[in-house]
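Colleague: Please build the complex by placing chains B and C on the supplied structure of chain A, with the hints as guidance.
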Amino acid sequence: MREGVPRLGPAPREAYLKACWYVAGWADRLGNEPQDRVFLEEPVALFRDEQGVAHAVGGRCPHRFAPLGQGRVVEGTLACPYHGLRFDGTGACVFNPHPGGQLPAARLPVYPLVERHGLLWIWMGDAAHADPAAIPDFGWLADPAWDVVRGATRAEGHYELYSDNILDLSHANFVHPALVASAFTEGERRFWQDGDTVHAEYVQMGAPLSQGIGAMLGRVGELQDFYGEVTWHAPAVLRFDFIAGPPGTPREACTLLPSLHAFTPETPDTTHYVWATGRDFALGDAGFSEAMRGALEHAFEREDMPIIRDSHRLMRGHDFWDLKPWVLNGDGGGIRARRMLQRLIARERGQDQDSAA
Amino acid sequence: MREGVPRLGPAPREAYLKACWYVAGWADRLGNEPQDRVFLEEPVALFRDEQGVAHAVGGRCPHRFAPLGQGRVVEGTLACPYHGLRFDGTGACVFNPHPGGQLPAARLPVYPLVERHGLLWIWMGDAAHADPAAIPDFGWLADPAWDVVRGATRAEGHYELYSDNILDLSHANFVHPALVASAFTEGERRFWQDGDTVHAEYVQMGAPLSQGIGAMLGRVGELQDFYGEVTWHAPAVLRFDFIAGPPGTPREACTLLPSLHAFTPETPDTTHYVWATGRDFALGDAGFSEAMRGALEHAFEREDMPIIRDSHRLMRGHDFWDLKPWVLNGDGGGIRARRMLQRLIARERGQDQDSAA
Amino acid sequence: MREGVPRLGPAPREAYLKACWYVAGWADRLGNEPQDRVFLEEPVALFRDEQGVAHAVGGRCPHRFAPLGQGRVVEGTLACPYHGLRFDGTGACVFNPHPGGQLPAARLPVYPLVERHGLLWIWMGDAAHADPAAIPDFGWLADPAWDVVRGATRAEGHYELYSDNILDLSHANFVHPALVASAFTEGERRFWQDGDTVHAEYVQMGAPLSQGIGAMLGRVGELQDFYGEVTWHAPAVLRFDFIAGPPGTPREACTLLPSLHAFTPETPDTTHYVWATGRDFALGDAGFSEAMRGALEHAFEREDMPIIRDSHRLMRGHDFWDLKPWVLNGDGGGIRARRMLQRLIARERGQDQDSAA
Chain A
-11 MREGVPRLGP APREAYLKAC WYVAGWADRL GNEPQDRVFL EEPVALFRDE QGVAHAVGGR
49 CPHRFAPLGQ GRVVEGTLAC PYHGLRFDGT GACVFNPHPG GQLPAARLPV YPLVERHGLL
109 WIWMGDAAHA DPAAIPDFGW LADPAWDVVR GATRAEGHYE LYSDNILDLS HANFVHPALV
169 ASAFTEGERR FWQDGDTVHA EYVQMGAPLS QGIGAMLGRV GELQDFYGEV TWHAPAVLRF
229 DFIAGPPGTP REACTLLPSL HAFTPETPDT THYVWATGRD FALGDAGFSE AMRGALEHAF
289 EREDMPIIRD SHRLMRGHDF WDLKPWVLNG DGGGIRARRM LQRLIARERG QDQDSAA
Chain B
-11 MREGVPRLGP APREAYLKAC WYVAGWADRL GNEPQDRVFL EEPVALFRDE QGVAHAVGGR
49 CPHRFAPLGQ GRVVEGTLAC PYHGLRFDGT GACVFNPHPG GQLPAARLPV YPLVERHGLL
109 WIWMGDAAHA DPAAIPDFGW LADPAWDVVR GATRAEGHYE LYSDNILDLS HANFVHPALV
169 ASAFTEGERR FWQDGDTVHA EYVQMGAPLS QGIGAMLGRV GELQDFYGEV TWHAPAVLRF
229 DFIAGPPGTP REACTLLPSL HAFTPETPDT THYVWATGRD FALGDAGFSE AMRGALEHAF
289 EREDMPIIRD SHRLMRGHDF WDLKPWVLNG DGGGIRARRM LQRLIARERG QDQDSAA
Chain C
-11 MREGVPRLGP APREAYLKAC WYVAGWADRL GNEPQDRVFL EEPVALFRDE QGVAHAVGGR
49 CPHRFAPLGQ GRVVEGTLAC PYHGLRFDGT GACVFNPHPG GQLPAARLPV YPLVERHGLL
109 WIWMGDAAHA DPAAIPDFGW LADPAWDVVR GATRAEGHYE LYSDNILDLS HANFVHPALV
169 ASAFTEGERR FWQDGDTVHA EYVQMGAPLS QGIGAMLGRV GELQDFYGEV TWHAPAVLRF
229 DFIAGPPGTP REACTLLPSL HAFTPETPDT THYVWATGRD FALGDAGFSE AMRGALEHAF
289 EREDMPIIRD SHRLMRGHDF WDLKPWVLNG DGGGIRARRM LQRLIARERG QDQDSAA
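Chains as they are written, first to last, in this note's numbering: chain A, -11 to 345; chain B, -11 to 345; chain C, -11 to 345.
There may be inaccurate statements among the hints.
If several chains are the same, the list does not tell them apart, and a pair holds so long as it fits within one copy or across any two.
Okay, derived cross-link-like pairs now, DMTMM-like style, lysine to aspartate or glutamate, Cα gap no bigger than 25 Å in a straight line [what the hints assert, rightly or not]:
no., residue 1, residue 2
1, K312, D114
2, K312, E144
3, K312, E30
4, K312, E29
5, K6, D340
6, K312, D76
7, K6, D184
To be clear, the hints were calculated from the coordinates, so they are not data collected in a lab.
Excised from the complex, chain A in its bound form:
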């Protein structure tokens, strides 16, 4: 974040779902140096203590408002880069290097942070309800049976536009022609809900494999049966299984490329985008991994992101529904997810008002 903290309004402009798990980043990228982030328009500092446990605390020093995540970790505590106050993972000020050295009693906000499957998951709501059992299962990310390529970036555009993008796989033919081709544009699709989860399934038999994935699988120019399965977890954590095999192959015997697409709002206009794709073949082949990583990064950062950025700008700050979007055959997933999220946010805010009353 070389360009500095994003500019923020006096208070968050948008109502977010807070009592849920957001992806805060890749666990192994949080090392000895802390990180400064903005999630849901709130500054957050991430750091590891001496036991290596990752913590998330409010990212603004209460003394002179410096970005704590730009500080240093000293003896397992987070030291402010400006005047050296140190905070522990409970948000308590544990060291004041200045003469006198009294420790202020007030605390930083603390956000439950869980390290699982190679990811850091952060809970921005009431800590009392933070149940790690609610974290979606991405076990393949940490399973040696899978080789994983991955990335993390900041993207312009509202986070719901990014989850819409994954739920509507039909875009792939137009946005990623070299990589995905028509696999998910013309086939059958089905959308349904399961509790708070939304599912999208795309099935297309005997369609051409793209140059890109054909080369990856060693099946250039072959027809394939395709299955695309997307699972959306509120508010914007998605799994996408790309499944393909020679015509007639049983689905379970097809090649599976599972993906994670996790979107965490930074501001109403910007989104943290964390992604990964796994494979269970060519394990340990670094050249293969690098080619795959490059192709996916190109698809997400050079093909998806500019279109979503400009779609976001063309919405001109209007509410999605107020713009009366045309509903096409591929929108069943995105619309279910948007409505579900709306309900969850309304419910959470209703509860907040109840508990405030």
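Modeller: Same frame as chain A, but now just chains B and C:
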């Protein structure tokens, strides 16, 4: 427009003259690829159908708000870059590649677009009143008797500041000393109206020719008689004739360099600037053309634009008249044009209200 | 200021102290070319007349709002870059190059400007009260007994955050560890007022000298006695004396490095930062000077400025006191200065209202 769609407010901030012809760009720069533009704070997509006819439609896809002008032309229709809906020049959705494939009945906005004299002219108002006969005559742009150099750029600053700039040729001595020198600063000037058109005329006898134009005309260091004629067509399309000849030469026998300066508002703070200058000598001399193009581009983009950008910023969002500008001898054209435009906009809005009532 | 005039609101957003001396820049950097600046959200043009006397006038031409400070100096007057009107140091229009050439009677705003100790000092309030005797004494800047290194830059962040930074020397150990080390973090400190001036004093005996200053003084690895003295003049002009010597050295016999840190608000979010540091040894040693200048520029521009920029952004536009900052032992200077400035501004505005009544 690599940097993406400009950021726009929820609705246009400014009242523009809509029932008039604006320059949308150079016709030959619209080829097989569509273009995305913003005119009068409205997104527009330009494309050519299979017959080569250019069309202008609303630039935001009604499905998911993607920038249509970043799509592709497929079989003469404009295909959305995101999910592949296709639209024809009437704004109708003519192809839905998704299963089911119903065609929504709603249409894109359509803007009359006329190709004339090498330019695309767009009408942003009620199409029923779009009369191509009202397009100003720039026949020399397409006349083989003239060689034309030209350009197109985006400029920061309100479009009226840009037309003021051309109407007041006296700036040339200060902003473009190498190119124009004092030709139009000290001579006589006359301003008048003719219907909705505003004219400015500058006459100066026996003044020094600049290094730049002197070299161009092969008359370095000579005195010349100068005539500068500017014609303004609402809202901001101007012709400027630079006329010079040895002292005593009849005006009709002098060298004429006609110019087009067309300004189309993108936003209240940014302007599309399309320009051209012609000559009827050194025809076919590519080196001459390139030197001339370079000198003019430097003058417009490096000399005019920064001053107008900063003048715009120094207005701090205030209305021009509220700032009580000093009126000098060269302002007769700009002031007439501003008042005319104000009247035309008020009249148009009055009509709109009448027809709405 | 290649990127153009900063964007300004319709009127200043903030209440500044106006009847006081601000640093407008280094005197010797104002030569034959004028300069355009924004101080206190007002555009200002600086130029020298034929006698070499520096003047400050309103930076927006009343004709067409061009940035006068981007013009030229012609016969000791400031010529507008756009249409050539010329103004003298009294703000009067003294030349109109256009036919007719009447001189408008209205005048530019004029700001008292004094050249002293190598600096230009500007008074943004009622000129009748501009008393050069109130300019703080920085005689060492112009005294041949001192070699001075210096700089000037634009910094993001509110100007009071920048004066806070100097008044609380305890930051040096954290922000500038290589340059200052712990000299002012653990010792005693004392803060007091003296009329409208605020003082901060830091004393620490027998502490380690940093690598950076140790190398500069030829005393690497030695313990030193340290004295840090900061004097704040409203609104944001500070002197900082760094004093160090071998343990037991009388204070007057220690090495003194005096510094100027002058902050002039450009906008509520940006600050002109003018700094200098002197030494009375290694006089005339250009290599020494260059190393010293580089080290200080690095400290101010690469270490202080990013933290203060981000602290400013993390304040999210809130008032400093509304954020209930924790008060530490090093804040006695900054808090006194903030309160003093608040009183001075309130007093000035009260007077303005009285005189308006």
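Colleague: All the hints need checking, so say for each whether the structure fits it.
Modeller: Verification of the supplied hints:
| no. | hint | verdict |
| --- | --- | --- |
| 1 | K312 with D114 | between (34 Å within a copy, 23 Å between copies) |
| 2 | K312 with E144 | within (22 Å within a copy, 33 Å between copies) |
| 3 | K312 with E30 | between (31 Å within a copy, 18 Å between copies) |
| 4 | K312 with E29 | between (27 Å within a copy, 20 Å between copies) |
| 5 | K6 with D340 | within (11 Å within a copy, 47 Å between copies) |
| 6 | K312 with D76 | between (48 Å within a copy, 21 Å between copies) |
| 7 | K6 with D184 | within (15 Å within a copy, 49 Å between copies) |
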